[in-house]
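Student: Here is what each chain is made of, one letter per residue.
Number of protein chains: 2
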Amino acid sequence: MDGENGLLKKANEAFYRAFELLDIERMGRVWDTTEEIQCIHPGWNLLQGWTAVRDSWEGIFKNTKYMEFRITYSSAHISGDLGYIICVENITSSYGGPASENSILATNIFRKRNGLWKIIHHHGSPLLE
Amino acid sequence: MDGENGLLKKANEAFYRAFELLDIERMGRVWDTTEEIQCIHPGWNLLQGWTAVRDSWEGIFKNTKYMEFRITYSSAHISGDLGYIICVENITSSYGGPASENSILATNIFRKRNGLWKIIHHHGSPLLE
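Protein chains in written order, with the numbering used here: chain A, 9 to 137; chain B, 9 to 137.
Be aware that a few hints might be false.
The list treats identical chains as interchangeable, and a pair is accepted whether it falls inside one copy or across any two copies.
What the hints assert, rightly or not - Here are the simulated SDA-like pairs of lysine to any residue, each with C-alpha atoms no more than 20 Å apart in a straight line:
id: 1; residue 1: K17; residue 2: E44
id: 2; residue 1: K73; residue 2: L136
id: 3; residue 1: K126; residue 2: S87
id: 4; residue 1: K120; residue 2: E97
id: 5; residue 1: K126; residue 2: I86
id: 6; residue 1: K18; residue 2: G123
id: 7; residue 1: K126; residue 2: E66
id: 8; residue 1: K120; residue 2: S87
id: 9; residue 1: K120; residue 2: D40
id: 10; residue 1: K120; residue 2: G88
id: 11; residue 1: K70; residue 2: G36
id: 12; residue 1: K17; residue 2: E66
id: 13; residue 1: K17; residue 2: R121
Derived by calculation from the structure, the hints in this document are not laboratory data.
Please build the complete structure, drawing on both the sequences and the hints.
Tutor: Here it is, written out as C-alpha cells:
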C-alpha cells in the first residue's frame, strides 16, 4: 500500500504542477475527464462534470499571472480504486499586481482508471478571518 | 451497491440529525472516533483527531440555538470500505438572534467499520460573494 500511496501523492503533485504551469492540457491529464466528476473552488458553487470544470480552469488560468504551491500533506488513504488526500495549499500567487500569500485547505479524491490515479473531486476552501 | 449506497446516505443523514439535535453523544456515534480522522468546518483550519473534532462540535453546539438542514445530494460513491458523499447543506439556523438561511458545500468521507459507515472526514465550505 506504500507504493500505491506514493502513486496517489504523485497524482496529487501532478495536479498542482499543472496548476502552477497554468496548463490546461496537463490539467486534463490529471483529471478523470467525465461528466461524473465534481469540483468546488474556494468560495465557488459546486461544478459538475469535466466540461464545466475545464471551463473553470481556463478562466482561472487566464486571470492568473503567477502561481506557486508548497503543499503540506496531512493524510492519504486508499481503498480499492478510491483514494483521497487532504492537504494544505500554501500559495504564492499574482493576478497582475504584486504577489501575495495565502492558504487553502483541499480535499482531493481520486479514482484509479487503467492503472492511473485520476482526480474525480477537488474541494478547496478558504481559511477565513 | 444500491443497498450499500443507501446505508452510506443513512450515515450521512444521521450526521446531520446529530447536528440538528446539537447532541454530542449522537455525533460521537456517527464518527470514527479515532485520532486518524479530520474535519474542516467552514472557514476554520484543519482539525486532526476525534479529541479536537469533538471539542469543536461541543463549542458549536453551545453557541447554536437552532439548526435545521435540508440536504441536496449531488453524488455518493463507494469502493471497498471507503465511500464519500458530496452534498449541499441548505441551513436555517439561529445563534441567539433571528433565524437566517445559508448554504454550505460539504464533502463527507466515510469508512466502513464492523459493518457500519463512520465519518472519517468532513469538509464544509462557505459559498462566498
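Student: List in ascending order the numbers of the hints, as given earlier, that are violated by the structure.
Tutor: 2, 4, 12
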